[in-house]
Amino acid sequence: MFSFEPGTFLFEAWVARNQLLAGLAVTAQLSVITIFAGSVIGVFGGVGLTYGPLPIRFLLRVYVDAVRGIPVLVLILFSYYGLALLGIHISPFTAGVVALGGFCGAHMSETVRGALESIPAGQTEAAKAIGLRFTQRLRYVLLPQAVRRLLPPWVNTGVEMVKGTTLLSIIGVVELLLATQQTIARNYLILQFYFAAGMLYVLVNITISQLGALLERRTAHLRY
Amino acid sequence: MTYQFNFDPIFRSFDKMLAGLWLGLWLAALSLAIGCVIGLLVAYGRQSRIAPLRWALVTYVEVIRNCPILLLIFFVYFGLPELGIFFLDKIDSFILTLSVYAGAYLSEVFRSGLTSIPVRYVEAAKAIGLRPWQRQRYVVLPVMFRITLPALANNLISLFKDTSLAAAIAIPELTFITRQINANTFRVMESWLTASVLYLVTCYAIAWALRRVERRYAVIR
Numbered sequence: 375m376f377s378f379e380p381g382t383f384l385f386e387a388w389v390a391r392n393q394l395l396a397g398l399a400v401t402a403q404l405s406v407i408t409i410f411a412g413s414v415i416g417v418f419g420g421v422g423l424t425y426g427p428l429p430i431r432f433l434l435r436v437y438v439d440a441v442r443g444i445p446v447l448v449l450i451l452f453s454y455y456g457l458a459l460l461g462i463h464i465s466p467f468t469a470g471v472v473a474l475g476g477f478c479g480a481h482m483s484e485t486v487r488g489a490l491e492s493i494p495a496g497q498t499e500a501a502k503a504i505g506l507r508f509t510q511r512l513r514y515v516l517l518p519q520a521v522r523r524l525l526p527p528w529v530n531t532g533v534e535m536v537k538g539t540t541l542l543s544i545i546g547v548v549e550l551l552l553a554t555q556q557t558i559a560r561n562y563l564i565l566q567f568y569f570a571a572g573m574l575y576v577l578v579n580i581t582i583s584q585l586g587a588l589l590e591r592r593t594a595h596l597r598y
Numbered sequence: 007m008t009y010q011f012n013f014d015p016i017f018r019s020f021d022k023m024l025a026g027l028w029l030g031l032w033l034a035a036l037s038l039a040i041g042c043v044i045g046l047l048v049a050y051g052r053q054s055r056i057a058p059l060r061w062a063l064v065t066y067v068e069v070i071r072n073c074p075i076l077l078l079i080f081f082v083y084f085g086l087p088e089l090g091i092f093f094l095d096k097i098d099s100f101i102l103t104l105s106v107y108a109g110a111y112l113s114e115v116f117r118s119g120l121t122s123i124p125v126r127y128v129e130a131a132k133a134i135g136l137r138p139w140q141r142q143r144y145v146v147l148p149v150m151f152r153i154t155l156p157a158l159a160n161n162l163i164s165l166f167k168d169t170s171l172a173a174a175i176a177i178p179e180l181t182f183i184t185r186q187i188n189a190n191t192f193r194v195m196e197s198w199l200t201a202s203v204l205y206l207v208t209c210y211a212i213a214w215a216l217r218r219v220e221r222r223y224a225v226i227r
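Same order as they appear, the protein sequences are chains Z and X.
The opening position of the first sequence corresponds to residue 375 in my numbering, with each subsequent residue numbered one higher.
The opening position of the second sequence corresponds to residue 7 in my numbering, with each subsequent residue numbered one higher.
Worth flagging that the hints you see were computed from the coordinates, not collected in a lab.
A couple of the hints might just be wrong.
Said to hold, decoys possible - Pair ranges (Cβ atoms, derived):
#1 Z:P527 / X:T65: 21 to 29 Å
#2 X:Y9 / Z:Y562: 38 to 46 Å
#3 X:R55 / Z:R592: 33 to 41 Å
Unchecked claim - Partial pick of chain Z residues on the chain X-facing surface, computed with a CB cut under 7 Å:
#4 V448
#5 T540
#6 L551
#7 L552
#8 I580
#9 I582
Glycine included, C-beta positions come from ideal geometry on N, C-alpha and C.
So here's chain Z without its partners, still in its complex pose (with noise of 0.2 Å):
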């Protein structure tokens, strides 16, 4: 098993190691873009569907309700192949990066939505009592508190971000997965490969709820 002959799975990797490792780095990179893109939707779709006036609440309603209920596959391909129409030269990574960060926009404005909607109503009675505007009520009030109820949540979501990055594989974006497909085509080792890249991807997951963990024992005493 731990023999170094062509062939092998160690000789293997080895060949493959700057292909696989480049895949990660997309992966990384895919998984980084649309988390970030999707909490900066996310925190303002959030406070608009919570604190917007109606036609923001019912617009923001239609494109979160619509978001959620379509595989992202679906998605994705919709934004590979429609994009192009619309007669924006687009790559495959950049399509995925819009599919990807609406999709994620949309579940996180969900959760800071209803995290700010468990925030009890005195909290912002107070604000307002001693004289604070709507942007500071957000910013010195409401959002602190939020970011405590947000974090399990938005941790969750980055671990789906990071296995969604996946599906990108079908419209040709080099990440882990399809890197490690091309490494199997060439050296048939299929057991061996996809199990190594799903090791892989626990691992990052892993790491991602122990920092989530981590983060949240750190702002414990963001509660009231």
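With chain Z's structure known, arrange chain X on it following the hints.
What follows is chain X alone, placed relative to chain Z:
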């Protein structure tokens, strides 16, 4: 923007799309059923006194929950035949994957359901002289299913959305059919819009139907 909408090619293959949707629903329902059995066994197994069994089950749940499902699909479909495990067709292999995937998530649902049953229920069941398996069969399980019904509904919907991944191994469900129509007719917007609407309507129909079931079986505490 000069895109001309033309839904004719879509209407001509609409029955194929509906067949794909139906197949997806079946895949989701079957996987949920098998997943429930797996999840229940794992949830009870994790209460076992045998530590190695508990560790094995925790490993199963954590690995599956942290592994991308697309990778699992490929692993089962392309990898298991290497171990001498052959499937009748790819649909079987997909159902196996989705069931194992669902089992890991559902075991967590059932585990929290089992712990949320008030101790006094079990005590009352003991007091009227029910045997351990009778306590589970007549008291714990019915209450647990009612408590976990909303979570089961969510799982069914997300399993249904996950059946779109069966397109990756060429199972002719809605996403695969849509991709074919898209490639054959170049009606990009029309085909994907139709597929999106079909998925949306189905998801909300499932959600609506299950909410009615939930109301019917709500737990009065």
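In this structure, is the beta-carbon distance linking X:Y9 and Z:Y562 contained in 38 to 46 Å?
Holds, since X:Y9 and Z:Y562 (Cβ atoms, about 44 Å apart) stay within the stated range.
Double-check Z:L552 for me: the hint is only fine if its C-beta lies closer than 7 Å to a C-beta in chain X.
violated (10 Å)
Holds or violated: Z:T540 as interface residue toward chain X, Cβ cutoff 7 Å?
Hint holds; Z:T540 Cβ to chain X Cβ min 4 Å, cut 7 Å.
Report holds or violated for the interface hint on Z:I580, using the least CB-CB distance to chain X and a cut-off of 7 Å.
holds (6 Å)
Holds or violated: is the Cβ of Z:V448 closer than 7 Å to a Cβ in chain X?
At 6 Å from the nearest chain X Cβ, Z:V448 passes the 7 Å test, so the hint holds.
Residue hint Z:L551, partner chain X, criterion CB-CB below 7 Å
holds (6 Å)
With chain X as the partner, please determine if Z:I582 meets the hint condition of a C-beta pair closer than 7 Å.
It is violated, given that the least Cβ distance between Z:I582 and chain X is near 9 Å, above 7 Å.
Falls inside 21 to 29 Å, the C-beta gap from Z:P527 to X:T65?
holds (25 Å)
Satisfaction of the hinted span 33 to 41 Å by the C-beta atoms belonging to X:R55 and Z:R592
holds (36 Å)
Checked against the numbered hints given earlier, the structure breaks hints 7, 9 and satisfies all the rest.
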